[in-house]
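Q: Which chain is which? The protein sequence lines are A and V, in order. Converting from the first sequence to this note's numbering requires adding 18 to each position, the first position being numbered 1. Converting from the second sequence to this note's numbering requires adding 444 to each position, the first position being numbered 1.
Please keep in mind that the hints were generated in silico from the structure rather than gathered at the bench. Misleading hints may appear alongside valid ones.
Straight-line C-alpha distance at most 30 Å; calculated DSS-like pairs for lysine-lysine [said to hold, decoys possible]:
id: 1; chain 1: A; residue 1: 155; chain 2: V; residue 2: 765
id: 2; chain 1: A; residue 1: 239; chain 2: A; residue 2: 48
id: 3; chain 1: A; residue 1: 48; chain 2: A; residue 2: 58
id: 4; chain 1: A; residue 1: 117; chain 2: A; residue 2: 107
id: 5; chain 1: A; residue 1: 48; chain 2: A; residue 2: 107
id: 6; chain 1: A; residue 1: 66; chain 2: A; residue 2: 155
id: 7; chain 1: A; residue 1: 117; chain 2: V; residue 2: 765
id: 8; chain 1: A; residue 1: 239; chain 2: A; residue 2: 58
id: 9; chain 1: A; residue 1: 164; chain 2: V; residue 2: 765
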Amino acid sequence: MSDTLTVTPPATAPLAPRSDEPMLSVRGVKTFYGNIMALKGVDVDVYKGEIVTLIGSNGAGKSTLMMTIFGQPRPREGTIVYEGRDITKVPTHEIAQLKIAQSPEGRRIFPRMTVFENLQMGAAVDGFAHFDEDLQKVFTLFPRLKERITQRGGTLSGGEQQMLAIGRALMSRPRLLMLDEPSLGLAPLIVRQIFDAIRELNRTEGLTVFLVEQNAFHALKLAHRGYVLVNGLVTLSGQGKELLERPEVRAAYLEGGAH
Amino acid sequence: MAVQTAETAPSAAQAADAGSAVAHAFKDAFVTGLIALGLLGPLIGFETIIIDGALGLGYRPSLLAIMVGIIFAGRLLLNLTIWSPNRRPRTRTGPTVFDRAGVAVGPVVKPALLAFAATFPFIASYTLGGWNESRYLIDLGILILTYVMLGWGLNIVVGLAGLLDLGYVAFYAVGAYTYALLATSAPVNGFFAGLLGETFWANWAFWICLPVAGLFAGLWGMILGFPVLRLRGDYLAIVTLAFGEIIRLVLINWVDFTGGGAGIASIPRATFFGVPFTRDENGFAALFGLEFNPMHRIVFLYFVILALALITAFATVRLRKLPVGRAWEALREDEIACRSLGINTTNVKLSAFATGAMFGGFAGCFFAVRAGFVSPESFTFDVSAMILAIVVLGGMGSQVGVAVAAAVMMGGMEMLRNLGFLKQVFGNDFDPSLYRMLIFGFAMVAIMVWKPRGLVSTRDPTIFLKERKAVSGDLVKEGHG
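So here's chain V without its partners, still in its complex pose (with noise of 0.2 Å):
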């Protein structure tokens, strides 16, 4: 409708028109500042003071005009730009100019992430002159790089096969408590104390467990897997956000086995394949002739969490192009054809929830070796939540972009703690670390609004990129890109 009045009415109309739109942009824009004024008086305009020991009212006149103005001139601009009755709609359907750059930096896009991921410690160390000054760098590079191998875990059952799982976090704490409990426990290192010498489950305790933990934490998705064969969509969400919480629940209050809510502390830590990170002759340093630093461990530690992830991309690209993997994405798109083609689709469900919750379980036993502690709080379902926002704003089934979405959600909230500079904006009792919470969430609506299925939603880009055929998620159903 708008085009064609735009296109047909003559230019002297059109000009009224623009004027008219002018002053109707202004006019709802003040309405919309005078409702903001309404609502944020009473919310940002009082504030409770202590005077003299009492309970007082103090006014904040000046934050509440910024907000109220903010609100106005967004509103504004809203309405002059992108709400303008003017303005022609966008009635191309192509490649947009984000799809023509992906095209174009597509093939380089990943040898680049891993260069830098692979180089990433010695850029940190180089840059900010030193291993001790980098640790915070490289603390939050593992931490990506678990979100990272989380994600890609996660993605197999929810990406992949289809399976909304809330409850993935379980199968993280199943790796954690499987590394600490036998890790820390005597009759183990008793066992292998009498067999191999004094050190040995000290020492080769983490690189031991990393199998048992992956393969315990499949087991246990299997178990999960059963009950909830005949569930799909909504129902399969709450069955397993269940289980993620009844996991919780047990390392709680199950005090004699787990520690309940105190956890399990001074787990052994990471060796370098059966070299402690320690000072003295056997150490890693006086083994390789270097000074001792405490940060080899934390930079070892950096390039296991590397490669474990890495595992993780590479055992579900490969596993995509077997039948099992087709199998996974056929379940995903219909159950029914599936059967109707010969699928065993209770296999391929198993199989599913079994693969992804091994590499939860194997990030978990990293988790444990690094933190060197565990308890049920690292385990709560805003962890699951966490990682399934990575995958959905990544593009399900996408590796680049759940490793994206990785980065800059953990990397943004972090990023969010040093806003300081927005004290010199709101003054100084402002506290943009209070913030963070509502930032974070403003910019997962905002990638939802632009980018709905997705930050990379070419699930497959080698089909296009031969081809030159773009064809973007944008073609199939919402919500199925």
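Just chain A, with the same shape it has in the complex (with noise of 0.2 Å):
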């Protein structure tokens, strides 16, 4: 984390075990659409094993730093690092073959084709070699697709969809899930159904999380460390719980701030 951007002491010990070498590095970023920085040097790091949440308000640039690591819009400055190689300049689909898997915002199935095919198009880039029983794993998290497996993506509810969007990502077998707002217009019950399901996931198979959020209590409560972004800046980082106590998060992200 860089010094100067960070307002908090630097981050605590995170609660997973850590090997030296962050997972995803991502170094001072910057992103603009036209002449407009929308990131403005962004540092953030995720280690193998963790949840890692980035929040912020609307405009922050949460969405922006997510599809800038798949390189879409590609950063005009800084170096994204994944498991020790410079992904910063590699097309994107090449970043998902690497085994990152991405739910991205506005969950992003395919409308008018099946349950079962959007299914398998997450399974394009594992070559459907373990296609069955990453399927099975997919229907015992989230039975309800089990249900709706021959049904369009687009006449699902918007849960439904967003499981679906997860169980997409999944089917890859990634090493790193990158989720844009999962909680998006969902009821509270299903957010807590699928806040569950990435807890599970994390704990069970050690599956590391990158979580961009605007519901910032579950968020933190779920997470690991966290990330505070404003303006295209990280403002404030640490464990997920500290920031959860911290008053300026709670002002603005928690108990109706300006923001």
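Grab the two chains, each in its own frame, and use the hints to assemble them into the complex.
A: Structure (structure tokens):
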């Protein structure tokens, strides 16, 4: 974390065991939309086995960071290193082939393809080698998807579509799962189901999760560590529970703050 | 609103409502009739005729009256039925009668159509009493099957991969000219004459050029694909439209190579796998102990195009189940999601363009061998538009729908040439063939109004046939069924 940008003292040791090298390391990334600087030099680290969340208000640049990691758009400055390899200039589809799976904002499932076909698309990267096994795993995690297997994606409810988006991402056997606002527009009960599933995946499989959220309370409770993004800059970072206690986070994101 | 008033109002008021509704319907129809009279009066009421060598004005009051009468009656009928305020709008959104009929006859449609297509020449010849008498029908069958094949080929690009291609005729042209140029080329003929005998090239040119034409068209599909990789929707449509025109203009202007606007004539005919359809003792008839008949070649061509079309359909069905076909469909749905799932969208797009173009090339090669003559006039934008209309009207992505649409469009166009009975309604001066395109346009508008997602809007019927859950195209976004 960059010293100049961090308002808090440096983050304390995370809960999960970590190796020395971060799995994903974002360093000084600046992303532009035309002349507008959306990310103004962001540093984020994700270590193996962690759940890391990135919270922030609308327009802070959360989704931009997520998409920048995937090379769409590409950063104008800075580097992104994944498992020791610089992926800053690697084509998007090749980044996905490095076992980073993404459930993008707005879910982006294939609406006219069936649930089964959607899940098949997720397994394309893995070459369908473990298709049946992974399918059962997804169905155990989200039994609802099994009931809807022959239905078109576009006819599912919002929560089911979110489950499908996460299930599709899991079909590629990712080592790093990136989720963009999985709670968006969903009923609290469904949000809890989905967050429980994420926690379950992290605990049993040791899956590393990078979670972008506006729902700060749930996200920080779930995550080992968190970052707060404001106007394209990381202003706070630390352990999830620690951030939850901080007055500025509470004021801004939890108690109906100015944002 | 209308439902509620109809349900809650007492019956007496309802009767009064009905009475005023009829009066209103008449009034509205009368006003419409007046408008029609005003519009059609100058348009239809007058005609220019030659009187004593000079231009004079004639009057057609009866035709005008008929037209205005049709409009008045039609409007009145609509007012009293579909547009009637007392009519309870249909609130049921479940499967309609047509959907249920579709489920019932669905499984037999494909085998029935296939059986009919396979036996069509024999049925035609039997019912019309001979091969020569059925020539017109079999020729029409060949034309329809050519468009079925082109429709299925374009369906890969438009229906599956969702890339709007308005220049598909370019690949048809590439296929046709590949065969025409290679088959009439003296150096190629000389090369094979020295190697394998004098008549080898004339007899085998089609069968050798068919795959070459497909590969060549596929290559051109890739060449088109590269510059348009970043484009979608309207922009892609414009560039492909331009591509189609470029190919045609090159064919017209590169006179040394393509023969220009005059085209290429006397292209070798199709042979029965090397056996020519000739009268002599080496011909097809003599070999099989039949009496010589020029129709043998036509019937053979019919089966060639039927086989080519079925290969196209079979390949499409198989490809859809393979990862590449799934990727095409996913690309149509969401390009960014595709990329984030690790799919190389560049390769997927190029493969869709190339595969679609390849089948267009096969069809073009067939066109050249059937007609024996190619010229740029055969490859205008009209053909692209017709093929695209077949794909859209048939229901994007639906095989049977495209086949039915091709039969309806091409067959219907021919039928409209023979509407003699209309002369009894409109008088002897009425030439129905002049109204062909008008009726055709009406039919297309009607299909788009009542079946906005095409004739067959359920793209993957196996899904609901097994589960009995009719997930029809109506449940998805308009224009996306």
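Q: Does each hint hold? Answer for all of them.
A: Each hint tested on the structure:
no., hint, result
1, A/155 to V/765, "23 Å, holds"
2, A/239 to A/48, "29 Å, holds"
3, A/48 to A/58, "5 Å, holds"
4, A/117 to A/107, "17 Å, holds"
5, A/48 to A/107, "14 Å, holds"
6, A/66 to A/155, "21 Å, holds"
7, A/117 to V/765, "24 Å, holds"
8, A/239 to A/58, "27 Å, holds"
9, A/164 to V/765, "20 Å, holds"
Hint violations for this structure: none, all hints satisfied.
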